[in-house]
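A.B. asks: Chains A and B are the protein sequences, given in the same order. Under my numbering, the first residue of the first sequence carries the number 1, and numbering increases by one thereafter. Under my numbering, the first residue of the second sequence carries the number 1, and numbering increases by one thereafter.
Wrong hints could be hidden among the right ones.
As the list claims (entries may be wrong) - The list that follows gives simulated cross-link-like pairs (lysine to aspartate or glutamate, EDC-like), each with its CA atoms no further than 16 Å apart:
#1 K192/A to E85/B
#2 K184/A to D129/A
#3 K192/A to E99/B
#4 K67/A to E113/B
Source of the hints: derived by calculation from the structure; they are not laboratory data.
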Amino acid sequence: MKKTVTLIIIMVLFSLASVSGAATLIVTKENPIKVNEQEKSISIAAAVNGKYFYESTRHAVIFKDGKYGDKPIFKAFVDPKTFHDTLIKLGFKAGNNMTMENMEKTFVQGDLLDVTVTWEGTKKEYQLDEVIKDSNGKPILIRFGGNLQNAIQYNTGCLICLDSCPVGITSNASYTMGAVEKRKEVVFTGNKEVLPPDGTLVVVKIKAKK
Amino acid sequence: MGQSPSKNNKKKTRDRSKAILINLLKGGLLGIVLGYFFALLLSRSVWVEMRFNLGFIIPVCTMACMLLFLWKRVWIRYPFFLFLELLLLIVFFLIYRFEPEALLVIPACLLREGCRLTSVSLYSTNIILAAILFAGNLVWIFHEVCWKSYQVTSGQKERPFGP
Numbered sequence: 001m002k003k004t005v006t007l008i009i010i011m012v013l014f015s016l017a018s019v020s021g022a023a024t025l026i027v028t029k030e031n032p033i034k035v036n037e038q039e040k041s042i043s044i045a046a047a048v049n050g051k052y053f054y055e056s057t058r059h060a061v062i063f064k065d066g067k068y069g070d071k072p073i074f075k076a077f078v079d080p081k082t083f084h085d086t087l088i089k090l091g092f093k094a095g096n097n098m099t100m101e102n103m104e105k106t107f108v109q110g111d112l113l114d115v116t117v118t119w120e121g122t123k124k125e126y127q128l129d130e131v132i133k134d135s136n137g138k139p140i141l142i143r144f145g146g147n148l149q150n151a152i153q154y155n156t157g158c159l160i161c162l163d164s165c166p167v168g169i170t171s172n173a174s175y176t177m178g179a180v181e182k183r184k185e186v187v188f189t190g191n192k193e194v195l196p197p198d199g200t201l202v203v204v205k206i207k208a209k210k
Numbered sequence: 001m002g003q004s005p006s007k008n009n010k011k012k013t014r015d016r017s018k019a020i021l022i023n024l025l026k027g028g029l030l031g032i033v034l035g036y037f038f039a040l041l042l043s044r045s046v047w048v049e050m051r052f053n054l055g056f057i058i059p060v061c062t063m064a065c066m067l068l069f070l071w072k073r074v075w076i077r078y079p080f081f082l083f084l085e086l087l088l089l090i091v092f093f094l095i096y097r098f099e100p101e102a103l104l105v106i107p108a109c110l111l112r113e114g115c116r117l118t119s120v121s122l123y124s125t126n127i128i129l130a131a132i133l134f135a136g137n138l139v140w141i142f143h144e145v146c147w148k149s150y151q152v153t154s155g156q157k158e159r160p161f162g163p
């Protein structure tokens, strides 16, 4: 009897220990955004889109109800206006330098952001470079582009694009528009060796890059 | 003595209904395969893939082929359809560099997007797709076998069920 009780206590303690070591999500589909004003960060809920483990895309994160809601590696549950306004509220400065006329020759400007991804069961926050593969191996430099007016007008739902974009709220300053689709300079895919399966809820955290 | 005229009419109506259903099935299966062909080929252009719902081609092709098979007496033999299925598989593996996991993801994603069922899991979509293709192929094979045995026993070359 004593041995059984001891065994049960050990098992309970072991399971508690393993649970406390794993990441628990601070956002859900129902409450998809959380702001930490001390840390100056935004956490948004998104779901993995397994199609882009095998296909190329130029979108990292898009609002699921946007026109291009099926095209990103992560389908977010937060709309572009909320995302943009929250970044402004936290004091981030938008570049607002991208236009339809200059997009193929211009790199996005604005505050440099640190984007990490985590999900239930992971023990670390993965950098965007770790969960998205750049065929050239260049770092993904996400900047706060702004573009709220274009985002509302075109309604694509773009939150984080993988080349400098005049519609995405934030985008990658390593490439100009057209690098993926037109000039085929680079191929972006989700890293299936790291990311969890299709449909898994992840937390995308955006804060200032130090 | 022979069957009464009313019984003959009922038999003809049943045979006609069977023929219509078989034609719809064949058209549907062919449409699914052709839809996937076009969707996969068009998705090679990243520009097109980023702008259009390519999965939508699958239900459109399916409906179009079903209507065609209903309207015109299109007669496709099963070996030809099997050849198209195998060709699709080869094209798929060439595109995705023989990654077997892609077969569990891409077809289901395309079907899900095409039918606007993005909340359905990949697993469920794969089950539905596999069931449709498996059952459809079985029914087509059975129909071909029935047709061959009809030819052998009756010596006739006309189809056993015909509209």
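A.B. asks: None of the hints should be skipped; say for each whether it holds.
C.D. replies: Cross-check of the supplied hints:
In summary, the hint linking K192/A to E85/B is not supported, as the alpha carbons are separated by about 28 Å, beyond the 16 Å threshold. The straight-line distance between the Cα atoms of K184/A and D129/A is roughly 19 Å, outside the 16 Å bound, and the hint therefore fails. Our distance criterion of 16 Å between C-alpha atoms is met by K192/A and E99/B, whose separation comes to about 12 Å. A distance of roughly 13 Å separates the Cα atoms of K67/A and E113/B; the hinted pair therefore holds under the 16 Å criterion.
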